[in-house]
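Number of protein chains: 8
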Amino acid sequence: MHNEKTLQLLKLVADGVVTPDEAMLSLRNAPFEDLGYAKVDHHRALRQGRAEVIYGEGKTQEQILGIVESLHAAGNDNILITRLNESAAIWLAHRTQLDYRAVARIGIAYPRPVEGVGNIVVATGGTSDIPVAEEAALTAEVLGSNVTRLYDVGVSGIHRLLANTDKLMAARVVIAVAGMEGALASVLGGLTDCPLIAVPTSVGYGASFGGIAALLAMLNSCASGSSVVNIDNGFGAGYMAYMVFASYFAHKL
Amino acid sequence: MHNEKTLQLLKLVADGVVTPDEAMLSLRNAPFEDLGYAKVDHHRALRQGRAEVIYGEGKTQEQILGIVESLHAAGNDNILITRLNESAAIWLAHRTQLDYRAVARIGIAYPRPVEGVGNIVVATGGTSDIPVAEEAALTAEVLGSNVTRLYDVGVSGIHRLLANTDKLMAARVVIAVAGMEGALASVLGGLTDCPLIAVPTSVGYGASFGGIAALLAMLNSCASGSSVVNIDNGFGAGYMAYMVFASYFAHKL
Amino acid sequence: MHNEKTLQLLKLVADGVVTPDEAMLSLRNAPFEDLGYAKVDHHRALRQGRAEVIYGEGKTQEQILGIVESLHAAGNDNILITRLNESAAIWLAHRTQLDYRAVARIGIAYPRPVEGVGNIVVATGGTSDIPVAEEAALTAEVLGSNVTRLYDVGVSGIHRLLANTDKLMAARVVIAVAGMEGALASVLGGLTDCPLIAVPTSVGYGASFGGIAALLAMLNSCASGSSVVNIDNGFGAGYMAYMVFASYFAHKL
Amino acid sequence: MHNEKTLQLLKLVADGVVTPDEAMLSLRNAPFEDLGYAKVDHHRALRQGRAEVIYGEGKTQEQILGIVESLHAAGNDNILITRLNESAAIWLAHRTQLDYRAVARIGIAYPRPVEGVGNIVVATGGTSDIPVAEEAALTAEVLGSNVTRLYDVGVSGIHRLLANTDKLMAARVVIAVAGMEGALASVLGGLTDCPLIAVPTSVGYGASFGGIAALLAMLNSCASGSSVVNIDNGFGAGYMAYMVFASYFAHKL
Amino acid sequence: MHNEKTLQLLKLVADGVVTPDEAMLSLRNAPFEDLGYAKVDHHRALRQGRAEVIYGEGKTQEQILGIVESLHAAGNDNILITRLNESAAIWLAHRTQLDYRAVARIGIAYPRPVEGVGNIVVATGGTSDIPVAEEAALTAEVLGSNVTRLYDVGVSGIHRLLANTDKLMAARVVIAVAGMEGALASVLGGLTDCPLIAVPTSVGYGASFGGIAALLAMLNSCASGSSVVNIDNGFGAGYMAYMVFASYFAHKL
Amino acid sequence: MHNEKTLQLLKLVADGVVTPDEAMLSLRNAPFEDLGYAKVDHHRALRQGRAEVIYGEGKTQEQILGIVESLHAAGNDNILITRLNESAAIWLAHRTQLDYRAVARIGIAYPRPVEGVGNIVVATGGTSDIPVAEEAALTAEVLGSNVTRLYDVGVSGIHRLLANTDKLMAARVVIAVAGMEGALASVLGGLTDCPLIAVPTSVGYGASFGGIAALLAMLNSCASGSSVVNIDNGFGAGYMAYMVFASYFAHKL
Amino acid sequence: MHNEKTLQLLKLVADGVVTPDEAMLSLRNAPFEDLGYAKVDHHRALRQGRAEVIYGEGKTQEQILGIVESLHAAGNDNILITRLNESAAIWLAHRTQLDYRAVARIGIAYPRPVEGVGNIVVATGGTSDIPVAEEAALTAEVLGSNVTRLYDVGVSGIHRLLANTDKLMAARVVIAVAGMEGALASVLGGLTDCPLIAVPTSVGYGASFGGIAALLAMLNSCASGSSVVNIDNGFGAGYMAYMVFASYFAHKL
Amino acid sequence: MHNEKTLQLLKLVADGVVTPDEAMLSLRNAPFEDLGYAKVDHHRALRQGRAEVIYGEGKTQEQILGIVESLHAAGNDNILITRLNESAAIWLAHRTQLDYRAVARIGIAYPRPVEGVGNIVVATGGTSDIPVAEEAALTAEVLGSNVTRLYDVGVSGIHRLLANTDKLMAARVVIAVAGMEGALASVLGGLTDCPLIAVPTSVGYGASFGGIAALLAMLNSCASGSSVVNIDNGFGAGYMAYMVFASYFAHKL
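Protein chains in written order, with this note's numbering: chain C, 1 to 253; chain B, 254 to 506; chain U, 507 to 759; chain H, 760 to 1012; chain Z, 1013 to 1265; chain A, 1266 to 1518; chain P, 1519 to 1771; chain V, 1772 to 2024.
In case anyone wonders, no lab produced these hints; they're calculated from the structure. Hints may contain errors.
As the list claims (entries may be wrong) - Computed list of lysine to aspartate or glutamate pairs in EDC-like fashion (alpha-carbon distance at most 20 Å, straight line):
{"no.": "1", "chain 1": "V", "residue 1": "K1782", "chain 2": "C", "residue 2": "D34"}
{"no.": "2", "chain 1": "Z", "residue 1": "K1023", "chain 2": "B", "residue 2": "E275"}
{"no.": "3", "chain 1": "C", "residue 1": "K11", "chain 2": "C", "residue 2": "E22"}
{"no.": "4", "chain 1": "P", "residue 1": "K1685", "chain 2": "C", "residue 2": "D34"}
{"no.": "5", "chain 1": "V", "residue 1": "K1938", "chain 2": "H", "residue 2": "E792"}
{"no.": "6", "chain 1": "A", "residue 1": "K1276", "chain 2": "U", "residue 2": "D527"}
{"no.": "7", "chain 1": "P", "residue 1": "K1529", "chain 2": "P", "residue 2": "E1540"}
{"no.": "8", "chain 1": "H", "residue 1": "K770", "chain 2": "H", "residue 2": "D780"}
Quick caveat, the model's predicted, so the values are computed rather than measured.
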C-alpha cells in the first residue's frame, strides 16, 4: 500500500538516514490507534479519502466517545455515528460537539458545513420507510452530496411517481428505499438513466420476513443498472452514492 | 351435502319404497367411480358446477385415459388435462378426442365450443412467462370466459403497460403472471379496479430461487384487492378467475 | 389514464380555451395531496372506486389524523384505518369521528351506514384466528358487502363444518382463515362452488414458523378456485372479496 | 445390554470355566459381522426382534448381496431391501432368492409367507402418492401386519373419504400419505380413534418445495394422536405401524 | 359417521315415528355446542373415546372456563388444558375444580384418579428439556397410561443412558425429548424394540434455530420405528403414546 | 414522460395542425414494437441512453433474432445478447452479424468498435468465477468502458491481492466476483476508494447453497461503499459500472 | 469403556472376591450422581480428563449450585459455568466460591490458578464480537492454555491485521470470532500455519440473519485447515483449542 | 509477511547492493506465478508449510496440469488434487506422474512415500459415507498422518461403536463422517478425549436437505471439543486434522 511513502522510506534507507531495522519497524507501524476495544483506523482517510464511520450499535457510549476523540485528534471532523440511540446521543452531546438527527438515528461529531456535489434522489415506497431513507440522505449530505427527497411514491399509485419524472430524470444517482414487495426499485430503474441503489427495508409483516421479500425482489429486478445493499442499510446506500461522485472529483477523470 | 337428494331419499324411506338398509347403502354410495388408482369424482359437477380437472403430472397415460373416459361416460366433455407432456398427448390423441395446446401443456378431451362470459386480462412481465399465462388463459376460456392477452409488459418499461390502460380498465378480473421480482402485480393492482390474481413464475435465476422471490413480492403487494396462487400455477389462476363469473351467473345475484 | 378527462382537456386546448402550457401543467398535476410524509392519493376513488385505506402500523397518530382529514376534505368518508392500536385509536377518537373495533384493530373514520351486497362467508379453523377473520369481515362490510361468520370449524372435527354446508353453499365468496396446518382452505374449497380466498394466520408454534406452514399449505391446496393472501392479512382478503362484487355492480355486466 | 448372557458369562468366570481375559474378549466381541464396507448387525434380531433392513440407495449391488447373504447365513429370511432400483433387482434375482415389487421399489430376499396381525389403513391423497404408500404397506405386510389400502381420497373431494368411514373406524393404525398441502392427515386424524402416522410426499410443484409444505402441515396438524416421518419415508411409517402391534404381541401385556 | 345411530334413525323414519324432515334435521344436528367463539365438540368422546383437549394459548381465561364447563356439563371430567399460564390457572382455580402442574403448564379440570395401563418411558437429553417432557408424561398419565421418567440422559455421556438399559427394554412406547442436535432419538431407537416418538425441543441457541436442528435430525433418524411431532409438542407425543394402548384395550384385538 | 415531445404535440393541437383525437392517439402510441411474444422497447434509447439488452435464456432463437432485427431496424447496433448458448449463437451467426464470446456466453449483434471511458477493475476470487467475471467485463466494454482484469486473487493467499494494489488504487469502479464465502468483496472494499459492486457466484458446494453464502456475506460486508447484484449476474454488475461513467459523460456535471 | 477397571473386576470375580451378581451391579453402576433434574457425570474426568462444564442457560440457580457442589464433592474444582447471567452469579457467589467474568458471562466455581500451555490467538472482527471472544479465551485459560487477544482486526482495514502478522505466526491455534460477513476467518486462515477455529457471531442486522451469514461464510472458507463451531459458541471454540494441547500433553506423543 | 526475507532485502539496500527501486520491485514481486487463469501460490509452502492443494472441480484438465507442473517446477511433489473426476484423471495420468484414488476422487501428482505421525480415527455412520471419509483419510495420509478407519458404526447399532472403544481412546484426533441425522459426532464426542472434527455428508433424502440436517446437528452437538466443516468436505477435515500434528512437530513446543 501507499507506494510513494514506501519508496521514500527505502530511499532513506539507501541514504543511510534510516537503518534497515528502523525501516522494518516503520513499515510495520500501521497508522491506527489501538484503544484496546477498538483499533481506530487513521489510515483510512489516506486510503479512502474519508475518515472511519462509527457504527454505534453494540458499542458503549464510552467506547463511541473514545473513538470520536481519537479520530478528531487525528484531524478528522464531520465524524458520522450511525445507529446511535437517543440516550447515547444525549450523553455524548454533553461531552463532545454533536449534531443528532433522531429520525435517521445519526450523530455528527464535530460538525462543519460541507458543500455538496452531484444530485442524488432518495425515494421511498411509503411513509414507514422514511427513517432508512433519512439515514441514506444524511450520510450522503454529510459526506458532501446534494440530495433530493421523494417520499411515499410507492408503485400502487404510480401517478404519484410519474408526476415527479422530471426530478428522476435530473438525478445522477437514485436510491430506492422500500419494504414489503420492494417493487419501487424496478419501476424507478426503468424510468431513470443513472445508477440505482436499492435499499430493502424491514417494513412489512407476515411473508415480508423482516425485509427478505423486498431484498429478493430487488436482487431480481429486471431493471438494468441497479444494485442492492443490506436490509435497512441506508448508510451503505448513501455512502455508495457519494462514492460515485467522490470517485470523479478526486481523480478529475 | 346435496340436501335435496337426501331429503328425497328420506321421503322414499318414509313411504316404504326404500328400506332403511337400502337408504343407508345409498347414502354411503358416494357418486365417484373407483378405478383403483383413482377415485373419479362424478360428484364435483353437482357440487361445483364443473367436472373434475385432471392433473397430468405423475399419472401414466393409461391412468389419464381411464379417468377421461370415466368422466366422459358420466356425461362430461371439454375435460381439461393440465401439465400434459407432448408424448402423452400424442398417445392420447390416438385413443380419444383430444385438442392439445403445446405451449400451455394443456389437453382438452372431448372438446366442444363454449361461449365465454366476463372479461379477464392475462398480463405477463416477460416473454418467458407466456407458457404459464397460456395455461391460465386456456383454462379460463375452456371453462367459459373471455380472455384478453397482454404479454411482455414488465415494469422496467412501464410505458408499455401504460399504453394499454384502456384494456386494463375494461377488465373484470386481471391475472398478473411474472417471475423474477414479480413487481407487475403491484403496478397492475394500482391501475385497475377489479380483483387481481397474481401468478409467480419460476422464471429467473440465482436469488429468484425458482419463483420464491416473485411469490414473496406478490404476497407482500401493497396493492389492495390482490391474491396469489402457487408458483407457475396458471391453471389455478384461470380457474379462480372463471369462478368469479360462474359465481354470478349461476346464482343470478 | 382516465382518457375521457384527457380528451376533454385536449379539446379545450384545440378550442384555445386552455393554452398548451396550462394543459401540460394540468396533465402533470396528479390528484394527490403531498403532506410531506405522505402523498395522499385522491385519484384512487376515481381509479378504483374506493378511497385510499390507511395502514396504521408504522405511522404516528398525527400522521394518521393528517391523512384522514385530507381524505375527508376531498369528499371521502367511511375511511378504513387498519392495524390501529388502541392508544392511537383513543387519541384519534378525541380529534375526529372514529368508530373503533378492538378485536379487528380497525378504525372507521367518518363512519356512515352502507348497504351491503353479495354474500361472503368468513370461516376460521379455531378461536385464535378470530382477530384476523374480523379484520376481513369488517373490511368487507365497511366497503359494502354482506358477511356470514362461521368460526371454529377446523378440520379435525369435520362434522362441525359439514353441519354448516348450507351456509357454505349459499356463499358467493368464501374466506378461509386458519393457522397451524391451514387445511381448512382445502376442505372448504372442495365443499363450495365459488371463489375462495385463503388467509394463513400466525397462530401456532414450533414448526408453524409464524404462519409459513399454513401459507405453504394454502398455496399448495389441491382445491381448484382458491388463492392466498399474506399471513394475517385479513384486510387483503376482505378487500379482494368485496372487489368480486364491486366489479359486477359497477359495470352491470 | 442383553444382561442374561452377561450374567451367564460372569458365572462361567466365577466357575473358572472361562478366564477373565477370555471373558473380556467375549464381552467385546459384539454380535456383528464386519464386511469392511458394512458392519452387519446380527444383534438386532435379539435386540429388536427383527433383522436389519437394508437401505439400498447408495450401496452397490455387490454390497447389497454381501449383506443379504450375511444376514441369511445368520438365520434371517424375509429380508427387506428398500429403495432398490430395477437393474440392481434383476442382478440380485440371478444370485439370490428375491421377490421384487417395482412400484414400491422394495426387494424381499429369501421370502417366506408371514401371517399378519393388526389392521393398518394406508390412505393416499392422490394417485401420485401410491409408490410411497406401497412402500409403507409392503413393509408392514412383510414384517407381519394386515393392511387395508385406501387410495386417492384427498380432502378436496371429502365425500370419497367419508364414504370409507367404516374402514377407518376399524383401523388400529392409520398411515396418511399425501403431498401438496398434506391436509389428509388432519382430516383423517379427526375421523379415527387410533395412532396416525403421517407421511409427507414430494408430490407437488412450486411452493411445495419437494415435500416441505406437506411436512410442515403434518407437523402442525391440529388432530391429536398423530406423528410424522421423513418426506417419502413409506418404509419408516410401515415399520412404526408394525411396531405398534409387535410391541403387544411380543410382550403379552 | 357413527353408522349405528344413523341406521336407528332411519328405522324410526321407516316406522313413521320420525318424519323425514325431523330426520334431516337430526342428521344435521351435529353433537357440538356453539359458544360463539368456539364450537365445543361433544362428539369426540364417541368418535375418539376421549373428550376434547383445550389448547390454552390464544384463548382468554373466560373462553377456557366456558369450554371446560360445556364439556363437564356433557359428562366429561379429567379435562386437559395445555399451555395454560399460571395467572390463568389461578383465575380458573377460583371458579372450577382445577389441578395445575406448573412445570408442564398443564391444568386438569374436574380431576379424578385414573388407572394407568401400558408402560411409556419419557427420556430427555438435558435438564432444560424437562418442561416439554412433563407435558408429555402428564398427558399420557391423565389419559390413563403408566409413565417412567428418565431425565438428562443425553448422548454426550452415553453411559448414563446405557445404565438404564433395563428400563428401556421394559418400555412399550418410548418418548425421546431433546433439543440441540436431537441425537437422543436415534440412540434410543437403536436400543429399544417398541415404537419411539421423538419430540424436538426449542432448547439451544444459534444454529439450533428454535428447534429446527433437532426436528431435522429426528426426521432423518437412521433408527427404524420412530416418528416425530412438532417442536415442543409434549402433548402430542403423550397423546400418541396413549393411543397405542387405547387402540388395543378398546378393541380387544 | 418525455415532456418536450408532449409540449410540442400540444402546441400542434393548439395550432390546429393536429386534431385532439389524433393527439390522443399519438400520446398513446408508445415507442415500442409489438412482436406478439415481445414488446420491443425502442423508447429505452431515449429514456436511458442505451438500447434494450436481450436476455437470451427462455427465448427461442427465432424470438431472439426477431428482437435483434427490430432493434437494429430502429437504428441500434452493438446489441448485447446475454445468456446465449452456443447452439443458438451458431444459428444466429448464420442469419445476422454476430460476435460470440463463449466463456461469457454473450453475443454482440451488429458489433461496432466503441471507445471506452473510465477504468473498471474486475477481480475474481478463483479460476471458476471467470465466466461470470467475463460477462461483467464484456458488458462494460461493449457499452463503452475500459476494463482491467484481475483473476484468481482470493483472500486465502492475500499477497496475490496486495501485489496488485496499484491496479486497485487506479480503479474508478471495482467489480468483485466471488463464490464460496465471498470474502473478496470485503477485502477489496477496504483497499479501494471507489464504488464497489459485488457479484456472488454459484461456485462452491454443500453449504454454499448455490451462491447464497457468498450473497449473504457480500450483503453484510463491513466495507463501506459497496453494493450487490444477483448471484451470477455479471451483466448487472457490468451495466451498473458502466452507468457510473455514463451518468457523468452524458450530463457533463 | 475403561478396560483396565473391567479386567481388574473380572479378575476379582475369578478370585471369588466379588460374586458375579456384585460384578454385574458394579458394571452397571456408572459413575454419575442422579440429582433428579440432572445426572452429574463424574465419569467425564476419567473419560475426557476434564470435569463436566455447566451450561447455565435454562437451569435455575438452585440447579446450578446443586451440580457445582456435586462436582466439587467428587474432587473437581475450577468448574466452568457458561452463559451465567449476573443475577444468578450474585446469588451463587453468596453460597459457593465463585469468580465471575461479566463480559464473557462465565463463572468459575472453586477457582484455583492453572498454568497454561500452548499459544492460542483469539481474534475478533470488531468491538461487538468481544463478549464471544472472551468466552473462548477464558474457557481456554481456565482449562490451562495461554491466550493472546487480538481484537477489532476486521478485514475492511486489513493493515490492522497485517501489522500483527508476528503474533499470528507464533500461534499454535487461532480462533477467529466475527459476525456480519465473517471474512476474518478466511483471511486469517491464509496467513497462519496452524489449526483455525472459526466462531460466527450474531453481530449484525438485516441479512446477517442472526449469524447465518457469518456461519455460511465460515463453512465455505477457501482457507484450508479451518473448522467452525455454532453461532456465538465461544466456549466450544475455547474447549476445542484447549483439546489440541491436551491431546499432546496427556499422551506424550 | 515473511519478515526475515524483508529484513535481508532491506540490509542489501542499506549496503547499496540493491537499489531502492529494485527493492520496491522485489517487495512487490510476490512469490506466485501468474498462469492467466490462475495465480499459483508458491508462497504457501513458506507460509503454511504445505504446497497449494488443487481443487479440481470447475477447472479444465489443461488448467489442472498447468498448475501441477508450475507447483512441481517450484520444488513441490505429493501434490493433492481433490474432486478430480475419472476422465480428467486418465487424461492427466498420460501427461504427468499421477496416483489416482477413485473412491475418494483424489489425485496425487508426483507421489512420494511420506512417513506419518499422530493417530487420526476416521469414522463413518454408514456405508454411503465412505467416499467422503476416504477423502479425509487420504488427505491426512498424503500430508503425513497415520489414519485408522472405522466405517459403518452409526448410532442406531451403538454396540458396533462401543466394541471399538479402544481404537477411539487411542486417537489423537477423531473425524466423524455422517449424513442423515449426523448423531455420530455427538456420541463420538462423548467417548473420546481429543479434538473431534465433524463432517456432515449429503447422504440422505427428504428432510435431510442435501446435508443440512446433519450440518445443523453437528453444529449443535452437546459434546465439548468438536467443530464442523462444510458438507461433504472430507478434504477440509483431513487437512485440519493433519494441522493439529503439524503445528506441534514444526514448532517443537
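To see whether the hints hold, each was checked on the structure:
no.	hint	in the structure
1	V:K1782 x C:D34	30 Å, violated
2	Z:K1023 x B:E275	11 Å, holds
3	C:K11 x C:E22	13 Å, holds
4	P:K1685 x C:D34	15 Å, holds
5	V:K1938 x H:E792	18 Å, holds
6	A:K1276 x U:D527	8 Å, holds
7	P:K1529 x P:E1540	13 Å, holds
8	H:K770 x H:D780	14 Å, holds
Hint compliance for this structure: hint 1 is the single one not met.
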